[in-house]
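**Q** Those letters in the sequence shown? Residues 8 to 408, per our numbering, in order.
Please keep in mind that the hints were generated in silico from the structure rather than gathered at the bench.
The structure displayed is predicted, hence computed values, not measured ones.
Heads up, a few of these hints could be off.
Here are the simulated distance ranges between beta carbons [what the hints assert, rightly or not]:
id: 1; residue 1: W389; residue 2: G302; range: 29 to 35 Å
id: 2; residue 1: V327; residue 2: R44; range: 45 to 51 Å
id: 3; residue 1: A335; residue 2: P263; range: 47 to 53 Å
id: 4; residue 1: L159; residue 2: A12; range: 44 to 50 Å
id: 5; residue 1: L175; residue 2: G376; range: 36 to 42 Å
id: 6; residue 1: A13; residue 2: V393; range: 17 to 23 Å
id: 7; residue 1: W384; residue 2: V327; range: 26 to 32 Å
id: 8; residue 1: V393; residue 2: R144; range: 37 to 43 Å
id: 9; residue 1: N229; residue 2: R385; range: 18 to 24 Å
id: 10; residue 1: I203; residue 2: C386; range: 40 to 46 Å
Glycine residues also receive a C-beta, built at the ideal position from the N, C-alpha and C atoms.
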Amino acid sequence: MSNLAAVFAVFLRLGLTSFGGPIAHLGYFRDEFVERRRWIGDRTYGELVALCQFLPGPASSQVGFAIGLRRAGLAGAVAAFSAFTLPSAALMVWAATRIGTVTGPIATGAVDGLKVVAVAVVAHAVWGMARSLAPDRPRGTIAIASAVGVALVGGPVAPLGAIALGALAGVLWLGETAAEPEGPAGADEALPSAGIRVGVIALVILIGLLVASPIAARVTGNGSVALFDAFFRSGTLVFGGGHVVLPLLESAIVAPGWVDAQAFVAGYGAAQALPGPLFAFAAYLGALSSVGPGGAAGAAIAIVAIFLPGFLLLLATLPVWAALRRRARARGLVRGASAAVVGILGAALYDPVFTTSVTRIDQFALALGCFGLLTLWRCPAWVVVVLGAGFGATAGALVSG
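Given these sequences and hints, build the entire structure.
**A** Below you can see the structure in the form of C-alpha cells.
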C-alpha cells in the first residue's frame, strides 16, 4: 500500500472510531501514529500539538493534517483531512433531515460507553506524553503548573496562556540544555513542512480570502459566496478548540436567520455523539442553511470554508517554525510549551472528559478496564471503542428491561 493510500485508510478508520472530541482525538492520534505505526516521534508530536493549540482553527484536525503532510506531502495532508472528516460530515448531513430519530436506551447506552472510552484514551495519552515530554523536574513542574492554571482559570483563553507561559519558562529554564534524541526509534526529528514557497502562497491565499470574500458576498449577492464567507470568517477566529466555534456560528448563521435556533441546538447536540471533528457541525448547518445551495452542496461549502483558514495558517507557520526551532532558546521554548501541553491534557482529562463521562461506578470500572487494555495489553484503540460501545449498549438494554 502506498503512503497516500495508507494515510487515507488509517484516517478513515479514525474518523469512524474517534469519539470523545478534540482532546480524545489527540489521544487516538498518539496511540496510532506514535505508539503503533511510529510515523512520528513523541517529542515532535508534542511540539505539533503545542503549535496547533496556539494557532486558530481545529487543533486536532490540524495535527492530523500535519501528520498526513509529513507522511505523503500535500496530497497526504488533504487525504488525512478528507478521510478523518468525511464520516462525521456525512452523518451530520443525514442528521439535517433525520435529527432526533435515533433514540432509545440502547443507543443512549452506546453513546455513554463511547464517552467512557474517551476517558481511557485521554488518560493513556497523558500518561505516555508525560513520560516523554515531562520526564524531569523542570518540565514536570511546568506540566503541573499548567494543569493547575487551566483547571482554576478555565475558558478558551486558559490553554493559550498556559502554552505561552510554559514556552516562556522553557526559554528561561531549559533553553541552554543540549538537544535530546527524538523518540521513538526510527522517527525523524524534522517537522512536517511543504516548504517556504508553499507557506507564502498559503498566507497570501488566507489574507486574500479574508479581504475578498466579504466584498464578493456583498457585491454579487450570491448565496454560496455569502455562505463561504460566514464559515471562513468563523474558522479564522476560533481560538481554543471546537466548542469555541459555537457562539461564532450562532452569530454568523442563526442571528441572520439562515438556520432556526432550535435546529441549531439540536444539531450541536448530535455532533457531540459522533466520531471525528466537532467542526463537522458545519456540514449540518450548510445543509440546512436557507442561504446557499443547501443539502450536500451547502454542506461541502461550509466544511471547506471552516477548515481552510486553520490549514492555510498551519502551512504558513510550519516552515518558519522549522527554521527557528534549531536555536538553543527555541528548543527551550519547544520543551516548555510541550510540557505545558501535557498539563493542559491532564486538566482536560478531569474536566470535561471525566466529569461528563463518568457518573456511575460501572462507568468508572469500564474506564479502568479500557485503560488497562490500552496500556497493559496494547489493544488498538478501535478495539477498545467497539468494546466500550458494546458494554454501554448492553447496560442500556439491561436498565430498560
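**Q** Taking the hints in turn, state whether each one holds.
**A** Verification of the supplied hints:
For W389 and G302, the hinted distance range of 29 to 35 Å is satisfied, since their beta carbons lie about 31 Å from each other. In this structure the hint that V327 and R44 lie 45 to 51 Å apart at CB is violated, the actual value being about 28 Å. A C-beta distance of roughly 51 Å is found between A335 and P263, which places it inside the suggested range of 47 to 53 Å. Between L159 and A12 the beta carbons are some 46 Å apart, a value that agrees with the proposed interval 44 to 50 Å.
Against the hinted window of 36 to 42 Å, the Cβ-Cβ separation of L175 and G376 comes to about 40 Å, which satisfies the hint. Distance hint check: the CB atoms of A13 and V393 are about 22 Å apart, consistent with the given range 17 to 23 Å. The beta-carbon spacing between W384 and V327, approximately 42 Å, falls outside the hinted interval of 26 to 32 Å. Checking the proposed 37 to 43 Å range against V393 and R144 shows it holds: the Cβ atoms sit about 40 Å from each other.
For the pair N229 and R385, the beta carbons lie near 53 Å from each other, so the given range of 18 to 24 Å is not met. In this structure, I203 and C386 meet the distance hint of 40 to 46 Å, their C-beta atoms being roughly 42 Å apart.
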